[in-house]
Amino acid sequence: MVGYNEEYKRNLAFGATARYQLDPTLESLTPNNDFTATSASVYNTINEWAVRGGFFRANYDFREKYLLQLIGRYDGTSRYARGRREVFTPSVSAAWRISEESFFATAKPFINELKLRVSYGTLPNQLNNNSYPYIASMPTGTTGYLFGNQQGVIVGAPGLVSADFTWEKVTTANIGLDVTALKDRLTLNLDVYQRETKDMIVAGMAVPAILGTAVPARNAADLMNKGFELAIGWRDQVGKDFKYNVTAVLSDYQATITRYDNNPKGNIGDRYVGEKLGEVWGFVTDGFFATDAEAAAADQGQIWSGKWLAGDIRYADLNGDKKIDRGTSTLADPGDQRVIGNTTPRYQFGLNLGFEYKGIDFTAFFQGVAKRDYWVGGNYFWGFDSEWSVPMVYHTDYWTPSNTGAYYPRLRFGGGGNFQTQTKYRQNAAYTRMKQLTVGYTLPEDWVRRANIKRLRLYVTGQNLFTITKMHKAFDPELLGVASYPLSTSVAFGLQLGL
Amino acid sequence: MKKLLFAISVTGAAFLATSCQRDFLDRLPEDRLSEETFFKNENDLRIFANRFYSLMPVQGHTSDDNSDNFVPRNRNTFLAGTYTVPNTGGGWDWTNERQANYFLNRYQRAEASDAVKQRYAAEVRLVRAYLYWRKVVQFGDVVWLSKDLNEQSPELYAPRNPRKDVMDSVLADLNFAVEHLPVPASAEQDRFNKDIANAMKARICLWEGTYRKYRGLPGATEYLRDAATAALDVINTGNYAIYSTGNPTRDYVNLFLQEELRGNKEAIMARRFVKDVSMHNITRQISDVWPSFSKNFVRSILCADGLPISLSPDYLGDDTPENERANRDPRYTQLIVTRDYVVTQNADGSADKITLPRIPAVVTGYASAKYKSPDPLQWVANQSTLDLFVLRYAETLLIYAEAKAELGEASQGVIDQTINQLRDRVGMPHMNIATLVKDPASDFPALPVLLDEIRRERRIELAQEGFRFDDIIRWKEGRLIANPETILGMKLTPALRAQYPASQVAGIQVDANNYIRVYTDITARTWNEKLYLYPLPLQELTLNPQLAPQNTGW
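Chains as they are written, first to last, in numbering that gives the first Met the number 0: chain A, 0 to 498; chain B, 0 to 553.
These are computed hints drawn from the structure, not numbers from a lab. There are no misleading hints in this set.
Label pairs and their calculated CB-CB ranges:
hint: 1; chain 1: A; residue 1: Asp298; chain 2: B; residue 2: Ala240; range: 51 to 59 Å
hint: 2; chain 1: B; residue 1: Ser349; chain 2: A; residue 2: Ala292; range: 47 to 55 Å
hint: 3; chain 1: A; residue 1: Val338; chain 2: B; residue 2: Arg108; range: 49 to 57 Å
hint: 4; chain 1: B; residue 1: Gln549; chain 2: A; residue 2: Gly480; range: 36 to 44 Å
hint: 5; chain 1: A; residue 1: Met391; chain 2: B; residue 2: Asn381; range: 25 to 33 Å
hint: 6; chain 1: A; residue 1: Ala172; chain 2: B; residue 2: Ser53; range: 48 to 56 Å
hint: 7; chain 1: A; residue 1: Asp260; chain 2: B; residue 2: Asp167; range: 35 to 43 Å
For each residue, glycine too, the CB sits at the ideal point set by N, CA and C.
Could you put together the complete structure from these sequences and hints?
This is the structure we're talking about:
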């Protein structure tokens, strides 16, 4: 198959604002008494982009045993400069249905279907949030300085752009296995993949601040993502009436930066080569200071220059230099910081259970994450952050001379030096949650037929019934963020009627 | 297989077709400005230059917090010695300098007369001078750039230029601005003019001249002379005068509560604010914060007879706030909130008046009255419309007096032309060089009496306008910060304490002489020589090792 695609989008928008309509019920901006330039306004937007490309796909199928597919794409975009616009991306995939081979005949009664899949291919990716990423434009606006009685119009120097950036390329290698066995009762699908994003467009190499503007974006980073997805299902019947099924899914991935030109010094606040995405840098907590004297003796002034007291956090001196600091916050000299966790959800799983027995049906769905760290921070976590904070009951467990085993350190607005990212307050966001549980009962047809009803099912279903987690109680391991709309636990009773 | 070959050839043909009509993928912005088409006429120069006006410094209510004039509730971290070397930022920002250089490397393209082009270049160079001067004040040696760089420019990795060279470049910018900006009469309203350039030049040159003089560096005299000349040029225009309505007890404080500074003879340059167009929040912040003067500042205010309190027979001591303010320079009650001061004048005629100083909300008891409007409408968040000075004629007069005195050329005529103008507004007796007596309690015991008294006048007149820390730096008088009196408040005798509700003043600690201690954990600040400069951010020293060494002591 051969194809050609061409896409062109032009955005045109305009708007007008005016206040002080003489008759607000009219659907019109005029007549109005709005003669000041600051409140009446008009604006318009004109931008456009275009892409065009050709592609082909060729399939080859040999006796339904060997399958081969070749795909090639050639894409061009208006978002990159001439000469950097086009990209060719091929991909190939093959499958071998082993179960169709003659030598497999003896195993066929046990394994109905066995298929091995392999694919390797590249897809292009372009910046979508800007129609003209390679063209510098001059920002405009107004200034609070008044010329006459009006804010002055201002124009500024354009940011720097490097015209040489081009498509990002995502190359994926995948090996998969599909198995159906034991008379279709067992199914198994496994995919192991490696996806490399090359030439990601990020800020270029860090340069001294006397440049006076942001470093232009370049194709300056690569990212390697490795993972797998596994699904196993079992469905069977015991006797005549009891049918049941179980499906389990498990997946995992981890992404690592393999190139990042912008950070040659290895600043840990930025991306760096070897970084596993989701890394959390922080200090190791070594308990609370028991006495003011103990606090005065420790050198933590680089973290916070105020006076440390009993009940403040003692940080562990990881590099043994007798003081707590961030060094130069680089990989070579992180001071007393280290990677204390990773927020990437590892080993995400789901479990579906179901059975039917004489009109009774049951389904349950669990989901969870087996391993995940999280850092919350902020006033929702610390509670007594400023006079504007609204503390919750959890926040009252703070250190006092009579409550030295408290969860939180002594109270200080702004936290003094206590609110550092650190091991003690790192959250274990692993969880298992009963997402859904449904029990239903369908009345026997004989019973309901007399009432001219075909089917009558009563059921009760619950959502988010319980969660097993070690996360701080003010936060939800599934939502993670602060002030997000909470998940509710709900139980519903229902009746389904078929006439 | 045949099929596949066919597919490839058809696709190839499609590509060929694509490359023939390349313009389909050429899409250029239609709703924005770009460099290719900008800088074409005078209007382009004007609207680009507009962006620099908001960078001109205005008075701020906390702008003297880092000095011996004010005692902020929480210790200023820089003076407390707890400022730590930042990884990035910390003032090391060069965005505006880049904007200025971008303009100055392209404005010549405009189709306009040379005079017009030079006028806008002069506007931008005036601002560039100001920006680089502030960098020198903060960091000492810095990299001087006269063009905008890109990410591959080798200049990014250049070493710092010696501060004296940077200041010479600053002076060249200032001279260009003075030369090419029009006089106010022919300048567009609200745009920079020659007087503004001269007033800024005077400020910067006085800073540099005294900085060099008190460090024995060459060039001090030249800069002082430039300062005096620039200030005198402003004075000689006759465009300006000290604001007065003939009310010595209100004119000074009212000057900072003006709805309209355009046309005010004391405003060389003002930042204007107009309701619903551009407003500020400074008036509200002052009302919230109650900035508090230090005992040291209050002590330095003269008595109404023109003598310091250590010499004046009229000084009644400081056992009560009423005694302390009696017979003082009329600016005392215009700078400091004392009994009967109206905090709020409500529309219904009711008023909130001061009886006793409002300790401990006012940490020293000496609340500043400057910029403090009694009008509650001015306190609404971000809705104040009181205009703010950028360049005030009084400062120019003080620059002239100080520069002439530093040059040893301050005649009585110079003092009459400057200091005594300020004194006339508030009804103070004239300063008379012949009869000046050295204050035995002066903070500058070794300083000649004339300079000492000019510095005092400057401290009082320009209080809370953001000059004091710069002054301390240029005079190399950091030790002033270590004076215990600079962190003390008013005298709270047991008798005065008894007049307050006990719970209100229970937490207030006083020293052996009953002066309020604002910081109960220290009796005095210490001055560290390293505080004459700020440190460079760590990351910058790593990215460009040529910036080394870090500023001394950091």
